[in-house]
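Let chain E serve as the given structure and place chain X on it in line with the hints.
If you read the sequences in order, they're chains E and X.
With numbering that gives the first Met the number 0 as the guide, the letters of the first sequence map in order to residues 0 to 209.
With numbering that gives the first Met the number 0 as the guide, the letters of the second sequence map in order to residues 0 to 209.
Honestly, the hints are just simulated from the structure, not real lab data.
Listed next, the stretches of chain E that the computed footprint assigns to chain X, with coverage defined by at least 3 CB atoms under 8 Å from CB atoms of chain X: (1) 7-15; (2) 39-51; (3) 193-206.
Glycine included, C-beta positions come from ideal geometry on N, C-alpha and C.
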Amino acid sequence: MNHPKRAEWIPLLFGEANAKTRQRLDAHLRECAECAQEVNAWRRTMGRLDAWKLPQAPKPGRSLPWRPVAWAAAAAVVMGAFVAGRFTAPTLDVQTLRTVLKSELSEEIQRGFARVSSESSAALANLEVRLASASIQNNKDMAEEFVQAINSLRTQDHEATAALFAKLEKQYTTDFVLLRRDLETLASTTDEEIESARLKLYQLASNRTE
Amino acid sequence: MFKSLFAISDEQAMWRVQTQDDHAAFALLVERWREKIRQLCIRMTGNSHTGDDMAQEVFARVFDKRRDFRAASKFSTWLWRIAVNRCYDEMRRPASRATTESLDDESSTVVLDINVADTRTPRDSLAMQEEAEMVRQALMRLPENYRTVLVLRHYENLKLREIAEVLEVPEGTVSSRMAEALAQLTSLLEPKLAPPLRTQKSRGKELLVV
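Chain E with its partners taken away, still in its complex shape (with noise of 0.2 Å):
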């Protein structure tokens, strides 16, 4: 009988071999019980390997047994940091968000502001010019009120864009503390904040072993 080589038969062990190749070789083994005794005796060795079990390592992330002590120390050290930081942070952060959104505001508001009335008295001296040249005919009462009424128009337009504006500033503001908050608190729930603790606990030990 024509018997496969014996390194043949290890894709099939290791469940590796493709179909054809499967098939043949089972074919074989059910022929040729020289092959078959050899094949089952190396399936019942590989399947003593699993008695050496190494004592598992703890789970990633909750202790690390890599030299105690170091650990003990960077896990102190790190936690203090990060407690420290998470309990001083949010505030901090609120009170520099809002100054920095109000100073970004109303500068902004003061460009529209600028714009507004620069564009406007334009539009009223253009007027002006027309209104004095058109006076031949027009009375000059006439002309001034209507010079009053542009005049009240502005105002009120100015005053409709700052409501506006302010309008716009709190809610932009508030938006964006809750946001920020949300975002606090769900970053303290997640496993990530966890994660990066752990990443610089590790980084942290590492420099202390070396």
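Chain X only, in chain E's frame:
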């Protein structure tokens, strides 16, 4: 910054290590692979006390050689290769390790004992521990080439093709080494516990009774 790290592949992390000396990315790689490398080192040397130290040394090498990593290749293949080479170094200088080991023992004994106690189930009998020890000793008696393919395939669960890449040999060579490994291991293990002609079932029963 840490959040973005959790989704990245080994290769991306390694690229960061390579180009930016990114310590967080490196810590992430260590975190992902440390346990596997530790187990490989223990299986290859048969010494559970040196696993942690060796794994640490493997990652030190990875960091030292970070510029050698080629972006086109798979990180795991490169890492296994470094780890296997580290194991070969270890096996070639048993004397020096023996001395350092006795020094390390003092600090690590407690942790190791706890681990053993944690993983021991009521079913763990003396016979099973003896079987484990027998398997370990048999593996240590294999030539290192044979042991390597067996450990990588059976315990570390690499595909034959991946092992070929790690060792930079043809896949057929991996298979023939594996066949040789299984043949030798079988002849080392079979005469002691189970006569070759017994079926697996009866042998299993016998083991539980003993």
